[in-house]
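Residue numbers (my numbering), protein chains in the order written: chain A, -5 to 306; chain B, 24 to 358.
I should point out that these hints are in silico values taken from the structure, not numbers from a laboratory.
Accuracy of the hints is not assured; some may be wrong.
[As the list claims (entries may be wrong)] Okay, derived cross-link-like pairs now, DSSO-like style, lysine-lysine, Cα gap no bigger than 27 Å in a straight line:
#1 K208(A) <-> K155(B)
#2 K155(B) <-> K115(B)
#3 K193(A) <-> K115(B)
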Amino acid sequence: MATTRERTEETTGLDQRAEEKHRSLWGDVWRQFRRHKGAMVGLVLLAVIVFGSYFGPWFWPKDPFAIDTSLANLPPSVESPFGTDNLGRDVLARVMVGGRISLSVGITAMLLSVFIGTAIGILAGYFKWLDGWLMRFTDLFLALPILPLLLVIIMLFRDTLRAQFGPELGIFLLVVFVIGITSWMQTARIVRGEVLSVKEEEFVLAANSIGTRKRNVIFRHVLPNVLSPVMVAAALGVAVAIITESALSFLGLGFPSDFPTWGRLVTDAKDTINITPARVIWPGMMISLTVISVNFIGDGLRDALDPRLRSR
Amino acid sequence: MNVTQREPVLEVKELRTQFDTQDGIVHAVNGVSFTLNKGEFLGVVGESGSGKSVTMMSLLRLIPMPPGEIVSGTAMFNGEDLLTLGEDALRKVRGAKIGFIFQDPMTSLNPVLTVGFQIQESLKIHQNMDDKQSRARAQELLEMVGIPAAADRLDNFPFELSGGMRQRAMIAVALACNPEILIADEPTTALDVTIQAQIIEIITDLRDQLDSAVIWITHDLGVVAGLADRVLVMYGGQIVEEAIVNDLYADPQHPYTKGLLGSIPRLDQKGAELTNIKGQPPNLYSFPESCSFAPRCPYAYERCWNENPPLLNVGESHFASCWWDIENNRPRYVS
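Starting from the given sequences, assemble the full structure and let the hints guide the process.
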């Protein structure tokens, strides 16, 4: 009986060897990710939006800043598919350029917020003596009224940063910073909760029992196991950051108006919404599409990163 | 081979561990002392909550602290006291000198790391191997514990392996650096009987090959009978009897051991009624001032309620903590 079993194990081993020659962790993740339809649609959509924002101007070489009042408030046409604004600037070109800023802000602010959130969550979850302090600190941030706070911070520091880094980079850094430090709390709480349960797992004990350094226990054994909620939080974070940036710009406290972002474009367009409603719809749609596709990607990543789901 | 005469590799004295819980202090280990000799197979038996695992985990300070606390005791290993060793020095012992196999192979491997990575980790930490060397060694280890197509298994994630294979992988992790002591905490409890037999075989083979000492924690007296050189019986956080395996089964000196042996069905005594030990295991909220088995003991008399018996020498290499001499049906007198 033993020999039969061994033989079957041998042969299945051989079959798998042929099939799984180049398997790696990320290869596996990608394989699973591809099976998630929503995520693939999201990825393609996001790729189109990103590509359009960064390389679109090469194919649509109209100057987004060229003012020509004789072309003002035109409806969508072959000449300018998204129409023109009240100063005759091409809306398609402006949406493309605006996308660069909005996406950059979204991704950078998300990275900052996920970094802060994960760091605080892991410290609070892993080290019991830090837990109370860090979580009260998190509660404090959660209790802050975010939008007024953002407005105040931007009002206070806008001019200093502009003077320091120039008008564009200064505002960019400020916006990313304020969004980053006001949106990490959910991530921190989720990560803390996950760490609390993961650190009680026997494999953490096993890692300690072979003499793994505390640092490595955290980074190799605990962190990868809480990564899936972090990924989801990150995806949502991009969405939140883009929306927050849009809100700031909409309120006139984001980027200056000669510097288009999607939120800024919506603000500028709202006054002429009766004449050219398309001007509001295009950037608004871009915001929504980006947020939706990013959320789908987060969803797919969560499934793909969890090896327990991967076997399906 | 008389293992009791070989030189000791680990000497534990008066180990006390307690846990500070919301309901009060749990005295999990109360003054445990034992010696482990080179190449010896030491069985540790006892019911759930008798302190078997906590004792062994205390040695490597693997219990969660807090709430756990090692109150007193020494554990001399290679001339060093494991219980007071610095964090860095202790880490060099963990995995390298003392390997630990856990009970549940389903949860003791990290689900997001490959099996190979987890075996290699120990090698990289303790033997400064690079990726290539440690991979080759990991493959060797997997072959040693009887996993077919070992080279491919290295890249598998734990969920892709069966329970038996995972436990073998765990054993490979614990054995990676040829430890002097292997502590196996009920390694076969979660496995079915055929796999259990294979795992036992692997560990005994490896013990013979590497001459490591093995501490085998279990509540399966049958397994211990076939494997161990010496047995510790634990009850209520204390060792109640310590004997060479044959002596323990042939001539148990503690009423608890007697009760345990009486509760195992035997093939050669058909129709004989099984005895049971009446009463509940002790709660450990108070430090034992009397014999913790007294409430369940048919032989208990006044002294048992007033004085906690120490381990008394009751024969050659045979110790029991009991004030009553069952054989002669009289109190045991000690100076």
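Each hint tested on the structure:
Taking the CA atoms of K208(A) and K155(B), the gap is about 25 Å. The hint holds against a cut of 27 Å. Between K155(B) and K115(B) the alpha-carbon distance is near 22 Å, which keeps this suggested pair within the 27 Å criterion. With a CA separation close to 22 Å, the supplied pair K193(A) and K115(B) stays within the 27 Å bound.
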